[in-house]
Amino acid sequence: MKPSAGRWCLAGALLWAALALPPVRHALESAMTLHMLVQIPLLALAGAWLAQGTPRWLERSLAAWNHRGISGLLLASLAGLAWMLPLALDAALNDPWTELAKFLSVPLLIGAPVALSWPRAGFVVRGIVLLELIATMLRLGWLYLISPERLCSNYLLDDQQRLGRMLLVIGFAVLLILVWKLMWGHVGGHATHDD
Amino acid sequence: MAALTMYPENERLAGGNRAAFNLYVISAVALFVLMMLLGLIMRMGQATWLAVQPDLFYRILSMHGAGMVGTAGLATTAVMWFFLRAHVRLHLWAFVTNYVMFLLGAACLIYAIFVDGYGALWTFLYPLPVHGMGLWSPDAAAVFMLGYLLIGVGMLVFYLDAAAAIIKVYGNLGRALGLQWLFRGTIDPDHPKTVVASTMVIISNVLGILAGAVVLVMSLVNAFYPEMALDALLAKTLIYWFGHMYINATIYMGVIAVYALLPRYSGRPYPISRAFLWSWAVSTVFVTLVFPHHLLMDYALPRWFAVMGQLVSYGAGFPVFLVTMYGALTNIYRANLRWTMPSRLMVLSLFGWAAGIVPAILDGTIRVNLVMHNTQWVPGHFHFYLLLGVLPMALALMFHVIGQRAGALPNSAADRLGLPVYLIGGLIFTLAFLDAGHLSVARRMATHLPEWTGTDKVGSIGAMLVVLGMLYFAVRITVGLLRAPARGEPDEGPANTAG
Numbered sequence: 122m123k124p125s126a127g128r129w130c131l132a133g134a135l136l137w138a139a140l141a142l143p144p145v146r147h148a149l150e151s152a153m154t155l156h157m158l159v160q161i162p163l164l165a166l167a168g169a170w171l172a173q174g175t176p177r178w179l180e181r182s183l184a185a186w187n188h189r190g191i192s193g194l195l196l197a198s199l200a201g202l203a204w205m206l207p208l209a210l211d212a213a214l215n216d217p218w219t220e221l222a223k224f225l226s227v228p229l230l231i232g233a234p235v236a237l238s239w240p241r242a243g244f245v246v247r248g249i250v251l252l253e254l255i256a257t258m259l260r261l262g263w264l265y266l267i268s269p270e271r272l273c274s275n276y277l278l279d280d281q282q283r284l285g286r287m288l289l290v291i292g293f294a295v296l297l298i299l300v301w302k303l304m305w306g307h308v309g310g311h312a313t314h315d316d
Numbered sequence: 031m032a033a034l035t036m037y038p039e040n041e042r043l044a045g046g047n048r049a050a051f052n053l054y055v056i057s058a059v060a061l062f063v064l065m066m067l068l069g070l071i072m073r074m075g076q077a078t079w080l081a082v083q084p085d086l087f088y089r090i091l092s093m094h095g096a097g098m099v100g101t102a103g104l105a106t107t108a109v110m111w112f113f114l115r116a117h118v119r120l121h122l123w124a125f126v127t128n129y130v131m132f133l134l135g136a137a138c139l140i141y142a143i144f145v146d147g148y149g150a151l152w153t154f155l156y157p158l159p160v161h162g163m164g165l166w167s168p169d170a171a172a173v174f175m176l177g178y179l180l181i182g183v184g185m186l187v188f189y190l191d192a193a194a195a196i197i198k199v200y201g202n203l204g205r206a207l208g209l210q211w212l213f214r215g216t217i218d219p220d221h222p223k224t225v226v227a228s229t230m231v232i233i234s235n236v237l238g239i240l241a242g243a244v245v246l247v248m249s250l251v252n253a254f255y256p257e258m259a260l261d262a263l264l265a266k267t268l269i270y271w272f273g274h275m276y277i278n279a280t281i282y283m284g285v286i287a288v289y290a291l292l293p294r295y296s297g298r299p300y301p302i303s304r305a306f307l308w309s310w311a312v313s314t315v316f317v318t319l320v321f322p323h324h325l326l327m328d329y330a331l332p333r334w335f336a337v338m339g340q341l342v343s344y345g346a347g348f349p350v351f352l353v354t355m356y357g358a359l360t361n362i363y364r365a366n367l368r369w370t371m372p373s374r375l376m377v378l379s380l381f382g383w384a385a386g387i388v389p390a391i392l393d394g395t396i397r398v399n400l401v402m403h404n405t406q407w408v409p410g411h412f413h414f415y416l417l418l419g420v421l422p423m424a425l426a427l428m429f430h431v432i433g434q435r436a437g438a439l440p441n442s443a444a445d446r447l448g449l450p451v452y453l454i455g456g457l458i459f460t461l462a463f464l465d466a467g468h469l470s471v472a473r474r475m476a477t478h479l480p481e482w483t484g485t486d487k488v489g490s491i492g493a494m495l496v497v498l499g500m501l502y503f504a505v506r507i508t509v510g511l512l513r514a515p516a517r518g519e520p521d522e523g524p525a526n527t528a529g
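Taken in order, these protein sequences are the chains called X and L.
If you count by my numbering, then the first sequence holds residues 122 to 316, one letter each, in order.
If you count by my numbering, then the second sequence holds residues 31 to 529, one letter each, in order.
Please keep in mind that the hints were generated in silico from the structure rather than gathered at the bench.
Hints are supplied without guarantee of correctness; some may be wrong.
[Claimed, not checked] Derived Cβ-Cβ restraints for the label pairs, each shown as a range:
#, chain 1, residue 1, chain 2, residue 2, range
1, L, Leu264, X, Trp239, 30 to 38 Å
2, L, Thr360, X, Ala184, 55 to 63 Å
3, L, Tyr255, X, Leu225, 26 to 34 Å
All residues carry an ideal CB built from backbone N, CA and C; glycine is no exception.
Given only the sequences and the hints, what does the whole structure look like? Please build it.
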């Protein structure tokens with residue numbers, strides 16, 4: 122564990138706890154856009170910070186199962202897939218157990234695996250993850266915009282369409298940043314290539 | 031300036047590299063023959079020389095279109111890999127992954143078409159794939175689209191590995207393209223043209239594949255949840271971005287063979303220049319934006335989109351084309367070129383590219399497109415530049431490699447006969463398409479009016495010659511690749527001594 126890891130770990134725990142506070146939770150779940158684009162990413166961030174406190178021995182034994190970060194990123198993708206479904210968002214609002222599952226699974230099965238796997242991943246793995254992330258945002262954005270009916274019974278159609286537009290904007294923004302960085306930026310030197 | 035060695039040590043194929051290259055090339059030439067046979071069946075069906083039921087015709091057309099584009103991608107990826115690995119460190123696993131994904135994808139396409147009866151063509155234009163009218167099910171369309179996804183992911187793995195390797199050496203893709211020398215500075219004479227072309231292909235085709243990944247998954251969603259109705263025009267736009275970019279990338283991957291091999295056969299250096307760098311930089315942008323020229327007849331699209339399609343159409347191909355033509359022709363002018371199969375094929379490819387681009391530019395003009403778009407003029411154009419441009423580029427490398435294996439540059443009497451058969455057949459075949467376009471013969475029609483069958487018959491004869499020529503090339507290349515490598519450099523003939 123690095124010297125600063127304790128502070129990151131504490132920050133992660135505080136963020137997680139803050140997100141669980143009823144007023145914060147209600148505020149962030151009051152709109153579909155906030156729920157999906159703010160609460161869930163912040164929960165993942167809390168998990169990523171918590172993962173900084175992973176003991177060395179655990180990190181080493183996990184690494185044996187996480188060749189080039191592929192297993193961890195795959196786990197995060199599958200968990201992310203579940204929380205992309207409007208049905209899951211609805212269930213989290215209606216059922217406290219599903220809400221609890223969200224508060225546990227997003228930090229531990231998305232944020233932490235990404236934090237532990239990303240540094241181990243090479244250029245190709247990172248590239249595929251980022252491109253798939255962009256493609257997923259564009260697809261979801263398109264889906265939310267064209268869906269003739271509300272996909273979440275807890276949210277209104279205009280909120281759903283706003284989320285669709287924002288996903289499209291974020292998808293294109295991430296794509297532009299990536300293109301810019303690859304064209305003109307400094308791309309991580311020797312660590313980038315899967316040797 | 032790098033020495034003009036005919037077979038440099040850093041291009042040597044050994045062990046896994048040799049096995050992988052052989053797999054790519056032998057699969058590609060075998061698939062080319064098979065896909066050409068499917069094409070011949072369709073032309074003979076249109077000529078009424080063969081009874082081909084319409085449902086079978088559209089399945090064959092689906093297989094031929096998707097198969098030819100995929101195989102052209104496979105063959106020219108081998109070209110890019112072969113030359114790029116001499117400059118940057120590529121990983122064999124990425125090259126092999128692309129091959130395996132291609133095979134899995136191809137298996138999906140074959141299953142969807144010949145087992146499940148899919149016949150909505152390579153374009154999978156929404157909503158046709160999910161309206162099989164009893165001829166195929168939405169599941170068949172889903173398997174077809176899954177096949178495309180697998181092929182795209184394989185290509186992506188190869189491109190990302192190539193991008194990582196290029197960035198490791200050059201810092202970023204901009205420097206690999208040579209953008210730092212566009213306005214000032216002394217150009218590094220050893221900056222490889224292969225790296226410039228590969229970088230352009232990586233940038234533009236990754237964006238195209240991304241567009242394909244979006245529309246393919248959206249079409250899959252629609253196949254299983256029909257209530258999610260897509261915007262048909264947006265889906266078409268993305269499909270053509272993906273499809274046009276994919277097939278266009280083959281010529282830019284293939285031309286790497288010309289840049290790398292032509293100077294070895296002419297015995298003259300082929301230096302890099304500022305004009306060369308400018309042309310590839312401009313084409314990187316334009317080639318990415320040129321796809322709207324497929325959508326000129328879609329009146330509902332914004333006007334600026336059509337205008338961009340036409341203007342960029344003029345600008346996309348020309349810079350690289352002109353610079354390559356000028357560079358190649360000055361390279362071989364009075365150079366006492368060593369006329370063997372690779373050099374003949376390279377010169378043929380330059381002709382095929384040059385002549386094939388003319389009907390394309392004409393069709394990319396809105397007033398012409400209005401009349402010619404749905405005629406056989408369009409297959410005339412793309413068969414011209416694929417059959418006589420792209421394919422000879424890939425074949426040039428294949429013959430070059432078997433020359434090393436045989437210990438002599440390929441130039442047998444059978445070679446000297448096989449190439450004219452292929453060339454004459456190719457010209458008859460493509461000119462029959464263009465003439466049919468001139469006569470307003472509709473394209474993508476299983477059954478033709480009696481007045482149309484004249485060009486179909488001429489085209490069929492051309493197609494037979496092409497298949498014969500390609501069959502010879504396939505056997506010659508396969509046998510040549512599978513033989514044990516000869517010791518030492520091959521006999522390079524009396525004309526020039528490279529080095």
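Here's how the hints hold up against the structure:
1. Checked against the hint of 30 to 38 Å, the pair Leu264 of chain L and Trp239 of chain X passes, with Cβ atoms roughly 33 Å apart.
2. Thr360 of chain L and Ala184 of chain X have their C-beta atoms about 56 Å apart, which keeps the hinted 55 to 63 Å range intact.
3. Checking the proposed 26 to 34 Å range against Tyr255 of chain L and Leu225 of chain X shows it holds: the Cβ atoms sit about 30 Å from each other.
Checked against the numbered hints above, the structure violates none of them.
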